[in-house]
Amino acid sequence: MQKDVILNGRIWLITNDKGELINDIDTDMIFHNQYLTITDLDEMGQYTFDNLEGWKDFADKALKDDIIVVGDNFGAGSSRQQAVDCFKSLAVQAIIAKSFGAIYKRNAINSGLPILVLDSIDLNNIENREMVEFDLENGETDHNAINIEPFSKVQMDIYQAGNLFAYGKNIK
Amino acid sequence: MSKTFIQKILEKKSGKELEEGEITFVEPDYILTHDNTAAISQKLAQIKERIKVKYPDRIVIVLDHVIPAASEKTANNHKIIREFVKEQNIEHFYDIGKGICHQVLPEMGLAVPGSIVVGSDSHTCTYGAFSVFSTGIDRTEAAGIWVTGQTWFKLPRTFKITLTGKLQKHVTAKDLILKIIKDIGADGANYRAVEYHGDGISNLTIPQRMTIANMAIEMGAKSSAFPVDDRTRKWLKEAGVEDYGEIWADKDAQYEKEYNYNLNKIEPMVAFPHSVDNGKPICEAEGIKVDQCFLGTCTNGRLEDLELAASILEAKKIHPDIRFIVGAASQKIYQKAMNNGTIQKLVKSGAVIIPPGCGPCLGAHQGAMAAGEKTLSTANRNFKGRMGNKDSFIYLASPATAAATALKGKITDPRKI
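Sequence order for the protein chains is A and B.
Here this note's numbering is used: the first residue of the first sequence is 102, the next is one more, and so on.
Here this note's numbering is used: the first residue of the second sequence is -3, the next is one more, and so on.
For reference, chain A alone in the conformation it holds in the complex:
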């Protein structure tokens, strides 16, 4: 079954008190090390961003199919799987960042969680909770104030297979 290449969701602009997208959100802010013994996906969501200043109540606010928008170097730091899986646990649909930490990027791609690189954003003309449509294949959106880069081929192939694990079994 083909997966949707067009995502529709309400966005969360993860901003600081100055209204700027937060940069360098590390894996301890996303999913703090005190919860690392958790391996059950259903339990992870509640701790998402619980160490991120201003967003500690994110897990309560997030709704199914939400899309989060963050600054540079999202997911810097450790290789912990929970920092990706906690978003799956909350049914967050996609993460859009100016850039990602190197391991986080692989982790999300290989896990089949759609992550997108922000091409440009005009924060004066876009609001939290607006509904935006993103086309993973050609990088188009239906909102003037936000632009993204499309998926690479390998990212699309892994996404369509489900994850690297499923993808690898197919090419064996």
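Hints were generated in silico from the structure; no laboratory data involved.
Please read all numbers here as calculations on a predicted model, not as lab measurements.
All C-beta atoms, glycine included, are put in the ideal place defined by N, C-alpha and C.
Keep in mind that a hint or two might mislead.
No more than 25 Å apart at the CA atoms, straight line, and that leaves these computed lysine to aspartate or glutamate pairs for DMTMM-like [as the list claims (entries may be wrong)]:
no.: 1; chain 1: A; residue 1: Lys162; chain 2: B; residue 2: Asp387
no.: 2; chain 1: B; residue 1: Lys39; chain 2: A; residue 2: Glu231
no.: 3; chain 1: A; residue 1: Lys254; chain 2: B; residue 2: Glu23
To give a feel for the contact side, a few chain A residues facing chain B, derived at Cβ under 10 Å [stated by the list, open to error]:
no.: 4; residue: His244
no.: 5; residue: Ala246
no.: 6; residue: Asn248
no.: 7; residue: Tyr268
Coverage of chain B stretches by chain A, computed from C-beta distances (three or more under 8 Å per stretch; other residues unrestricted) [to be verified]:
no.: 8; region: 211 to 220
no.: 9; region: 245 to 257
no.: 10; region: 357 to 363
Fit chain B to the known structure of chain A by using the hints.
Showing chain B alone in chain A's frame:
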């Protein structure tokens, strides 16, 4: 066309010419996992009857993160891993006490120049010290490689860092890498490979190169690499590694950015909370009172690190308000440090010795902090809450600075002891 180190290694492994940004599939030589193996093996568990790992001799598992087990949960995880190791005939399994994976893997002769090592731990980049392309991966990917033997890489651009001169007394490789990370930034080398060049390299010991390579991820780099020289060959020979092809960049290879560092001019550095690129020269940190000093980890738990600390302490008692926690990076180092009296000297000064493992670095146990407390640590990461409490503060520095600080109870320039 002239090529970078990473290009040569990926081309060798994929058997074809590659262009920058091109994605290729390769078979890594070793796949490292640690205590998180339990979680990874659960990904295979649903299909256990059919799935066997493809290359049991390429899988390396080291129990190091929470050892000995600190809770029922971690004990269960360890048990799952031991069962998995038996069931899948995993060849390279190192149970608790052997040491931290990034020290144990090279000691066991598995860091071979010109090879590819991946690991589900972000500091897998450590083996760049041995001209290995090594990098951190995630758990889904680790499970995938267990089954298929392969994964994908995108040929990255490379930064060139040229080192000249020699580090001054009580200034260490840790100070150098903290300075480099401060200059380049926590994401300045994102998706990039880094190469170290210059005659300053010959003045750096292998443990010093491991400290530098260990922290490549802290500037966002995929990996970093040092060329092989006589020091490398000698170290590897002692680990039983003798036959390997040496790969290095061509002389006129193209680099995206170039940096130069004169080692003579490096001074002790301290990375302030809560990011590794928040480095400052020690003069801006002197006098800050701390509650705990931690010497060890995959960054700075090597024999010369412990010896340096012991020589600065000179058997003097540490400050009464300080907890001084020390852990060797491996059993081998621990034994050497016992045999030459280093451990005795440290204990005499008041150090608490923990088993060779990751210990307090990730806040799991053996030195977690209370709210408001400050630790000066030789580890590689000072993220908010890294050592347990989210309202505590971590300063990163060298083993020399850790010893000087333990002595005085406040951050102290080791050159002044």
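**Report entry** Hint numbers contradicted by this structure
**Finding:** The structure conflicts with hints 2, 4, 5, 6, 9, although it agrees with all the remaining ones.
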